[in-house]
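Novice: If you want the building blocks of each chain, they are given just below.
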Amino acid sequence: MISIRHISKQFPSVTALDDVSLEIGEKEFFGLLGPNGAGKTTLMNLLVGYLSPEKGSITIGDQEVTRENLDIRNTIGFVPQSLALYDELSARANLEMFGKLFNLPHKLLSERINERLNAVGLYERRNDNVKTFSGGMKRRLNIIASLLHDPGVLLCDEPTVGVDPQSRNAIFDFLESLNAQGKTIIYTTHYMEEAERLCSRIAIIDHGKIIASGTSDELIDMLPYEETIIVAKNDSTMEHKAVLREFGTVIENDDHLLLKPGTGFALSKFFTRVEQEGMKYRWFELHRPTLEELFLHLTGRRLRD
Amino acid sequence: MKQVLRLFNNSYRIFFNDRVAVMLTFIVPMVLMYLFGAIFGSADSGPDRMPIAVLNQSNSPVAQQVVATLDTMKAFRVIKTYKDKQGRQVAFDSVTIKRFAQTGGAAAAVVLPPDAFTDTSLGLKMKFYYDPKNEIEFQVVQGLIKQVAYNQIPAIINQSMQRQSEKYLGTKSGQAFNRGIASLVSKYFHVDTSLIMNPSKAMANWMNTSTSSVQDSSKKGGTNFFENMVKIESQQVVGEQLKNPWATRSVGGWAMTFLLFTITASSASLFDEKKSGVMLRLLVSPVSRVHILWSKYFFNMSLGIIQLFFMFFVGWVMFDVDVFSNVVNLLLIILAASVACTSFGMLLAAFAQTRQQAQGLGTLLILSMSAVGGAWFPTSFMPPTIQSISKLTFVYWSMDGFLEVLWRGSGIAAIAPHLLILFGMGSVISAVSVWGFKRGKVFE
Ligand SMILES: Nc1ncnc2c1ncn2[C@@H]1O[C@H](COP(=O)(O)OP(=O)(O)OP(=O)(O)O)[C@@H](O)[C@H]1O
Ligand SMILES: [Mg+2]
Chain A
48 MISIRHISKQ FPSVTALDDV SLEIGEKEFF GLLGPNGAGK TTLMNLLVGY
98 LSPEKGSITI GDQEVTRENL DIRNTIGFVP QSLALYDELS ARANLEMFGK
148 LFNLPHKLLS ERINERLNAV GLYERRNDNV KTFSGGMKRR LNIIASLLHD
198 PGVLLCDEPT VGVDPQSRNA IFDFLESLNA QGKTIIYTTH YMEEAERLCS
248 RIAIIDHGKI IASGTSDELI DMLPYEETII VAKNDSTMEH KAVLREFGTV
298 IENDDHLLLK PGTGFALSKF FTRVEQEGMK YRWFELHRPT LEELFLHLTG
348 RRLRD
Chain B
9 MKQVLRLFNN SYRIFFNDRV AVMLTFIVPM VLMYLFGAIF GSADSGPDRM
59 PIAVLNQSNS PVAQQVVATL DTMKAFRVIK TYKDKQGRQV AFDSVTIKRF
109 AQTGGAAAAV VLPPDAFTDT SLGLKMKFYY DPKNEIEFQV VQGLIKQVAY
159 NQIPAIINQS MQRQSEKYLG TKSGQAFNRG IASLVSKYFH VDTSLIMNPS
209 KAMANWMNTS TSSVQDSSKK GGTNFFENMV KIESQQVVGE QLKNPWATRS
259 VGGWAMTFLL FTITASSASL FDEKKSGVML RLLVSPVSRV HILWSKYFFN
309 MSLGIIQLFF MFFVGWVMFD VDVFSNVVNL LLIILAASVA CTSFGMLLAA
359 FAQTRQQAQG LGTLLILSMS AVGGAWFPTS FMPPTIQSIS KLTFVYWSMD
409 GFLEVLWRGS GIAAIAPHLL ILFGMGSVIS AVSVWGFKRG KVFE
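Protein chains in written order, with my numbering: chain A, 48 to 352; chain B, 9 to 452.
Since the hints were made in silico from the structure, they are not lab data. Any given hint could turn out to be false.
Not the full set, but computed from the structure, chain B residues with beta-carbon under 8 Å of chain A [to be verified]:
#1 Ile87
#2 Lys88
#3 Leu288
#4 Ser293
Here are the simulated BS3-like cross-link-like pairs (lysine-lysine), alpha carbons at most 30 Å apart as the crow flies [as the list claims (entries may be wrong)]:
#5 B:Lys399 - A:Lys147
#6 A:Lys256 - B:Lys449
#7 A:Lys178 - B:Lys106
Which bits of chain B does chain A cover? Going by a derived footprint, with three or more residues having C-beta under 8 Å, they are [stated by the list, open to error]:
#8 256-266
#9 294-306
Glycine included, every Cβ here is placed at the ideal spot set by N, Cα and C.
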């Protein structure tokens, strides 16, 4: 549905994207996970034809995305990373002004506006100036302003920046419902929790390169271990550190020990041994590895500092 | 085109939602205009007691009648003598009256020479002396004196007509008759005007031009003669209108300066739209950069037309500036001036890096162009080098166009050069702007 082929984008001082290729299927909820400056926004801007690449091409459906192809914009919704709203105008006026650029019949537009405002719980505030809105409300308005033409593809560039957890969950639910209705969504974030919760497939981007991609499970499988084991820190476990080391690497944290299983690790053997040493099961907790750990593993850096 | 129109409508929606912008565009200029009017208003009542030096060397009853009328006019304080070194009052002669005007003793000096009106003359002859610094006052004086002289028309025309008809009677050539009448009309006011301070400066004042224009058109034939008579009537209207020469002159200047500020602010708002992300949102809609530019262009231009006309309207309400008698030509100049100002705003937005830069540079350019272009005081007050620079500014051509239309009551032929130059400047500046936008900051 969306194919990105060998895209490179150069800014005067930096290569923002370096030979990026991705295929995104219809109705996918695709995540683009990467730290600050990785090139996420640049890729989004290229996807919507706001920027043109030096090399490579992008097609959506059967149309090529270019700066001149205005037609394709009718099939794409773009939620910019920064709020793109007229602060001095009401929510409704904002939606009317942006919506009418999509050549919708007046009545249809008006209905859609009400419907979308309701969907994100802003209908009651529709006549208030945007500048009186909370950060979360502006974010929600910023999203629906990109959905008035009912696009098949929705590009969300960090749509939850600076949003409280409650609003964030509301936004997640809304986006999931859109995906369930059949919209293809590309979602950028540097929160791995968001990517894991929302996205069926994820690409990890760093320094303008895709360093890994796949479903969440496929990505985790790239780690040389499956689970880590969190061990409570007490006299007994501290005494038995040497025993734990037999099963892998032990990292000592402030309030717990972390065991990264080594090669040939088997849970059954591990717990038999623990029992023999007189340690209690409840001191051990299985922990599924995260994308954060994968990023750390692949780059030696954390997603966020 | 549809997209341009939609964006254009959006611009108005944003504009009218922004009370400060509306205030700055309409209310503030109106208040300032009122204040200026109150401060400088004394210039308007100036004709009440304007000192003019008068010397009558002619014995003709017509000339005497003119002087007598001047004497009784409330507008003038007629001076016929000067104080010599000993402090005695001495009557002017042709040399001393000139010096009197030169030293600023009077706004203007009028001399009716010995041959002001003789048996053989076809018209009334007068000499004006004035300091170009007093141009405005001089215009007033001229207008009023013309009015006085016109009152003598019946007497003069009777005498001249007799002579002319004697000459042509019997030829039955209507053409010849018309030509005779035409020459009568054209010579009717043989005004020999000269400048004291700066004789090299061509006297392009309206009195001479209007005299010659009568001549030109009267050659065309019979019906024109009567038009010319009507023209004389309308010149009298101009003379009456001069009771407010200062406002007539100034309203266009204020309007231009305010408009430039409005348009600069509006163009600079492109940077705000970029910063707020709205520009990005527009450009990821089915909207191109060209659409945005055109919509901005049309918006600024239409706002310019509205603001300029509004200002003239205010001039009419407050200061009685005669806006409506030549309104079509006024609107043409307003259109051309708006086009030029709009392109100026675009130029700023195209080449500035930030809003602050656009506004700062804009303010600097607006103030200097307004000053040099004659928006605040007539360019004839300025040194010749500045005067030639002023012709490079569209402010000058707009101002001169306004004066042409409001002051001289000129028609389309007279303002055609102004329109051409303004549209031409607008096109060139716009082309440069488009080039600038391609590599500028706004759309990157
Ligand atoms: N207009 C531009 N001019 C010059 N450099 C740019 C421009 N836009 C982005 N860059 C550079 O390109 C790189 C990628 O930036 P981009 O905004 O795509 O990152 P990002 O992944 O969206 O980061 P963030 O998570 O902070 O939003 C950065 O090094 C940035 O400095
Ligand atoms: Mg970004």
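Novice: Which numbered hints does this structure break?
Specialist: Of the numbered hints, 1, 2, 5, 7 and 8 do not hold.
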